[in-house]
Amino acid sequence: MTTLETSTTGAVVGAAGPRRSWRVVWIYGVLTAIALVVLVGFARPGVARFGLATGSDFVQLPEVVLPGLATGIVVALVAIACTVAAVLLRRRDRHQPLWLPVVFAVALVVGLLTWATTGAGQSVPLPGLLGGSLALAVPLIFGALGGVISERVGVVNVAIEGQLLAGAFTGAVVASLTRSLIVGLVAAMVAGMLVSFVLAAFAIKYLVDQVIVGVVLNVLVLGLTNFLYTLVLVPASATLNSPPQFSPIAIPVLSAIPVLGPVLFRQTVIVYLMYLGVVAVTIGLFRTKWGLRLRAVGEHPQAADTVGISVGGTRFWNVSLAGAIAGLGGAYLTLASVPSFTRDVTSGAGFIALAAVIFGQWNPVKATLAALLFGFASNLQNVLGIVGSPVPPDFLLMLPYVVTIFAVAGLVGQVRGPAAAGRPYIKG
Amino acid sequence: MTGEALPVAETGREPQGLEPGQDPQQQRPERPAEHGARRVLREILSGSALLSVLAVVVSLVIGAILIAVTNPAVIQASGYFFARPGDTVSAVLNAVGGAYGSLFRGGLIDFSAVGFWAGIQPLLRSLGFATPLIAAGLGIAIGFRAGLFNIGGQGQILIGGAVAGWIGFSLPLPGPLHLIAALVGGLLGGALWAAIPGVLKARTGAHEVIVTIMLNYIAFYLLDYFLNTPVLQAPGSNTPVSAPTAPDAVLPQLFGSPVNLGFPLVVLLVLAAAYLLDRSSLGFKLRAVGENASAARTAGIDVKRMTIAAMVISGVFVGFAGAYQVLGQTTSGFSTAFDAGIGFNAITVALLGRSKPWGVFWAGLLFGVFQNGGYTMQAANAVDLNVVSVVQSLIVLFIAAPPLVRAIFRLPAPKGARA
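Chains U and Y, in that order, are what the protein sequence lines are. Counted the way the working numbering counts, the first sequence spans residues 1 to 428. Counted the way the working numbering counts, the second sequence spans residues 1001 to 1419.
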């Protein structure tokens, strides 16, 4: 998509580009300066310890001990290198590759983790930290994939929260009743799809403002599930709200990779479905006829209509698909994480997924990375709480959201979404 | 130019940031002469007031179905439905009638109470619930009219309320001055928190939806931090709850009724919002930006300044809701939950009120009545309070789609409109 954007809107980028891109460089600079001051200037004496192995690992790795100040210096150097690279790329008018912000972010995260846990009593269990992050990110990623598809086809999807919640509720109830996880999973997809049907019907047929429908659907699904939970599920929780639970499946060779193996490849089926989903949506959107049509409808519905693509139909079915994908994310919450539904089990994950969609520039891979970042950030609290970091936890918890604002203001800024998103298409 | 242009805008269909279900080109066409009585009938049948009433009716019916199918007596009676269908019917009527009866009795008028004054106590209490919803709804509505979606009500309420609360229990100010200072502090707190997305949007184009969502979390953690430090934490306490608001700074009750000063103040806010949007030059510019930013820019309106102005004004109104919560509702010390979901409910209120000040007022009242009555219903009939939010969201959904309601009741479409 990035190539398509630059080629179709080359003139616009050329005119407004330099200032915008220099702002990206400024963000690198400011964050590097902050890292330098905090990590090196305010370095605390002592070491931070990271545990790399879980008890059942094939290869038992020793604990890694990072001295606070030295790590701070190394991270600051990496950050400076990234900033210099950004400056050079900008000078030569070259496109910023995706790995640059990723390396930058990882370096800063390592620095932050070390800084925050230097002098703490216990070691930080790294696989636990990463695994927990992935667990928190899975619903976000499914939600974000749904959001990307829906917005790419031209329907703003604020209802991700409702789709996740509907999926979580239905998945739990159906799986409890049928004692079948697969049926529960399918039911969750159907539930997400039903929410999408309402969104699509109101947005496409009745031309209601899509944001309104989305917001209202969230309230509706939340109220409905809370109501049914209190009056139906609680009195009969043994039959209606105790689904079986997906157990992790270890993938033979891959799961033996140190640190990352158990995190990524000792997971439930839903997580593997998520990997497939990210790949499929990425390839589908940018390499297939389906994706081309979908994007055409989202960017320029009139042109799509002219060449014979049914705008309403394409929107309707793709929004439904988006709902089904988000429903899977909901099922993860009630069939894999904890095998039961609780009141408002999503607790705002849909809104974070929405932020990931926009933060990820409506690109499935970038949105996934953004969702992972959010998952990591929310998990940081649990881990640092256990380890006993001397930094007030509230500020660490706040950090990802502050960084997101910085990133949205600086890195993403005026990058636009699909041109026709949010606009009903009236033929004629 | 705005002074002259305003009356023109007033005569036509009122331009609006977010008018659900209408496309902008759809102007009222010239009406051919029609028979008087028939025309009146048609206008009533196709008018938006009737549609709003019908939307409420349909939503209540769906709510009734939910109440009925989850009622234990109904479920039991339906077990032998074919043997004695009358039992099921009477069980349904009992369940629904009881629940909606309690909703009415708890939210509006209690006919069983002795005397007029005692009878309208529930309504007066509902006004207390409606007050912050109206204030925050106005804030969100002003954002909508300027083309901005402020999901950050929660954060603005938390910050505004925290500032108001801090002034309310820590500054040694005399009498009414204390209350005024706390209220103004609340408004400023809300304005400040809303200014951040406004400035970022104007300066960098950062999407206000993301920034306001993020600021909700930041406000929450910021408040949590301060509630765990002596800044806000009650002295000698180790739970994250603030000290109680000083009696000076509490909104006084009016004439010994459950209504406090907040309600008259919020009526003033409605008047202020109506003046701002419909009569002032600033409001005209805000609406122009909301209607079509490019056209507004061409007409010489500073779109960036208007974006910031809209968010700041929005934050002032939402900040009032925060101050009200701390100075009128939870005066015994607040925790991080004092926003009570108003930030999000206000979005529904603004949508139901179609982003017009008096519309928001009535929508807020309706939601206040629902909320207050819902508590009675939950206590008396064991019907979960959440059925209220289901009904509320359905109302908005149906009102947003006039063609759907027309289709349900087979009403004629207004002339010139599709569907």
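Read the hints as simulated data drawn from the structure, not as lab findings. Don't take each hint at face value.
[Said to hold, decoys possible] Facing chain U, according to a computed beta carbon distance under 8 Å, are these residues of chain Y, among others:
1. L1066
2. H1207
3. S1281
4. L1282
5. N1292
6. S1389
7. S1393
8. P1403
9. L1404
10. I1408
[What the hints assert, rightly or not] Covered, in the sense of this in silico footprint (three residues per stretch, anywhere, with C-beta under 8 Å from a C-beta of chain U), are these stretches of chain Y:
11. 1259 to 1270
12. 1360 to 1372
Ideal Cβ positions, reconstructed from N, Cα and C, are used throughout, including at glycine.
Verification of the hints:
{"no.": "1", "hint": "L1066", "result": "holds (7 Å)"}
{"no.": "2", "hint": "H1207", "result": "holds (5 Å)"}
{"no.": "3", "hint": "S1281", "result": "violated (27 Å)"}
{"no.": "4", "hint": "L1282", "result": "violated (24 Å)"}
{"no.": "5", "hint": "N1292", "result": "violated (13 Å)"}
{"no.": "6", "hint": "S1389", "result": "holds (3 Å)"}
{"no.": "7", "hint": "S1393", "result": "holds (4 Å)"}
{"no.": "8", "hint": "P1403", "result": "holds (5 Å)"}
{"no.": "9", "hint": "L1404", "result": "holds (6 Å)"}
{"no.": "10", "hint": "I1408", "result": "violated (12 Å)"}
{"no.": "11", "hint": "1259 to 1270", "result": "violated (count 0)"}
{"no.": "12", "hint": "1360 to 1372", "result": "violated (count 0)"}
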